[in-house]
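From first to last, the protein sequence lines are chains A and B. Sequential numbering from 1 applies to the first sequence in UniProt numbering. Sequential numbering from 1 applies to the second sequence in UniProt numbering.
The set of hints was computed from the structure by calculation and includes no laboratory data. Mixed in with the good hints there might be a few duds.
[As the list claims (entries may be wrong)] Once the Cα atoms are required to be at most 27 Å apart in a straight line, the calculated BS3-like pairs of lysine-lysine come out as:
id, chain 1, residue 1, chain 2, residue 2
1, A, 19, A, 207
2, A, 197, B, 169
3, B, 19, A, 207
4, B, 19, B, 70
5, B, 70, B, 169
6, A, 19, B, 207
7, B, 188, B, 70
8, B, 70, B, 127
9, B, 227, B, 127
10, A, 207, B, 207
11, B, 197, A, 207
12, A, 207, B, 153
13, B, 169, A, 153
[Said to hold, decoys possible] Pairwise CB distance ranges, derived in the manner of DEER restraints:
id, chain 1, residue 1, chain 2, residue 2, range
14, B, 77, A, 225, 28 to 36 Å
15, B, 95, A, 60, 52 to 60 Å
16, A, 312, B, 302, 27 to 35 Å
17, A, 126, B, 228, 51 to 59 Å
18, A, 125, B, 201, 45 to 53 Å
19, B, 51, A, 297, 53 to 61 Å
20, A, 306, B, 273, 27 to 35 Å
21, B, 211, A, 152, 28 to 36 Å
22, B, 21, A, 270, 33 to 41 Å
23, A, 165, B, 21, 45 to 53 Å
24, A, 231, B, 328, 55 to 63 Å
25, B, 202, A, 158, 34 to 42 Å
We put the beta carbon where it would ideally sit given N, CA and C, even for glycine.
The chain contents come next:
Protein chains: 2
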Amino acid sequence: MKATARANANIALVKYWGKRDDELILPMNGSISVTLSGLNTVTTVEFNEKLRNDVFVLNGVEQKGDERKKLGNHLDLVREKAKIKWNARVESKNNFPTAAGLASSASGFAALSVAAAKAAHLELNEKELSILARMGSGSASRSIHGGFVEWQKGTKKDGSDSYAEQIAKPGHWENFRILTTIVSGKEKKVKSRAGMKQTVQTSPMYKGWLETVENDLENVRAGILKKNFSLVGETAEMNALKMHSTMLTTRPAIIYWEPETIEIMHAVQELREEGTECYFTIDAGPQVKVLCLQKNEAIVTARLGEITGLQKIVPCKVGGKAETISEHFF
Amino acid sequence: MKATARANANIALVKYWGKRDDELILPMNGSISVTLSGLNTVTTVEFNEKLRNDVFVLNGVEQKGDERKKLGNHLDLVREKAKIKWNARVESKNNFPTAAGLASSASGFAALSVAAAKAAHLELNEKELSILARMGSGSASRSIHGGFVEWQKGTKKDGSDSYAEQIAKPGHWENFRILTTIVSGKEKKVKSRAGMKQTVQTSPMYKGWLETVENDLENVRAGILKKNFSLVGETAEMNALKMHSTMLTTRPAIIYWEPETIEIMHAVQELREEGTECYFTIDAGPQVKVLCLQKNEAIVTARLGEITGLQKIVPCKVGGKAETISEHFF
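From just these sequences and the hints, can you work out the full model?
Structural data, given as structure tokens:
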């Protein structure tokens, strides 16, 4: 009753922002992401008759309180399906900062879902895994797949049609690059979950977000299939700015950006003015991901490297799907 | 046929953003500002039979091209009213950086309007001066007055009901402070005029702006009259964020903020968390103005002083109206 899985983080090109159902985690809008090679979570799950309660160790630190409760709730979904009652020991490691806007919950719940299902001897297909991951964290539904991925918002009340599917395999666009910059390893003050709830309830700009997101989905989907980098990049950058404009106008305002966030945004605009095509996108946090093609990776990396507050640049290719691995943490 | 006037800059608490008539400069929405003591433009105008064309010296540099053309167009309005044909020599100085988001066009066109009207022996009342200044630059309509000022958007096509009026005199709120920070003296890439036009045409968030601005006007007006600092400050800060959220989502995006802009925004939020009440507001540029009461001026100034990229902090009280002075530049 033990299994380990690895799942990659993903970065949304069209963002998931706002829920229509908090319990089932059903989104207000569809979203499209690219799975990131190299930024991952590895999670071992063991169901064990002898455990008095669930144990959760994240990055070497035992978690209590809310974090353990969230984990327990997610394991309950698996236990229910598998008809088991045993508690579990879960150990999980991210190879990047947790909760700083680098989609740790996406890779985290994807890895947890795959490992827990396997440990419980559940035979789930990718659709079922995506739905399971979604119920832990919305964007985790996308990290089940590799390549370019679309999460359908669905229309049903029970969420059975709200899951992610692959638009294109990792190999479809070999020279697509995502440069993940890390400007701050601090945990963000307002978590995505609270931020999006507050936005839907209080931002006067949220309506403008919803009205334009379908068009963004069409553009990015078409751009991916045609490998039209300008279309994907321009749409993704504007989509991120629209999401942040809804955050900035919630009550109270959520200002996820740090000074370096702005510096990178300006650097990207300047690179474009100089003829080097690249675009930025930013999730609910200060970290900027810069999209470019392989031919421009060196010049973009060099320019970003000049920014002093920037701690790290992690170059990612399009990554693969979540899968079980044979080495366990314990 | 010579006169000199001095006018103060103003900072909008509810912003003017978007025109319904580009020619007459009629706004999409009303706005409220506070006139800033100490940040001013002084302008001398002389109409002179012997001049072959208008001459415009700004901060010691003779202006040609667009700047002189804008000045000439504005002087034409005065010449038409006064029935004179003479060209003018105009010399103007700002005691703060030009066109970096510090309302140089507001104080500039207010001073020019007052000086030119006087030099042309026109007897204009404050309403007429406000309309004249508005036709040079919208926000200049407010710099005609001292204290707290509201510019009515008006409804008439000819703009005759779109002018600014005083809500409260400078003496009404003695302990109100505006700390103007200067983070960059660079001229901004996108001038307000172009920025607002682009916003109205392309931002999906502009509708959200217009839908909520009337409520902001009511709150700020009421807050000023009752000297309710929290109401004025909270509304002004959110109003600025709403305006910037429309800028960030125009095509192409206008990112007026600099890294220090974000640092100051965070500092203001942190000061509030620590119990020191203050609020930020930002015009179309990187400069942040921090609103506080006199009792907190020292602590806010000290905190802002810790920010390294910050070039200068100019503390302003509520300033007086535009008026003629007896010393001329030439």
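When the hints from earlier in the document are held up against this structure, which numbers fail?
2, 5, 13 and 14
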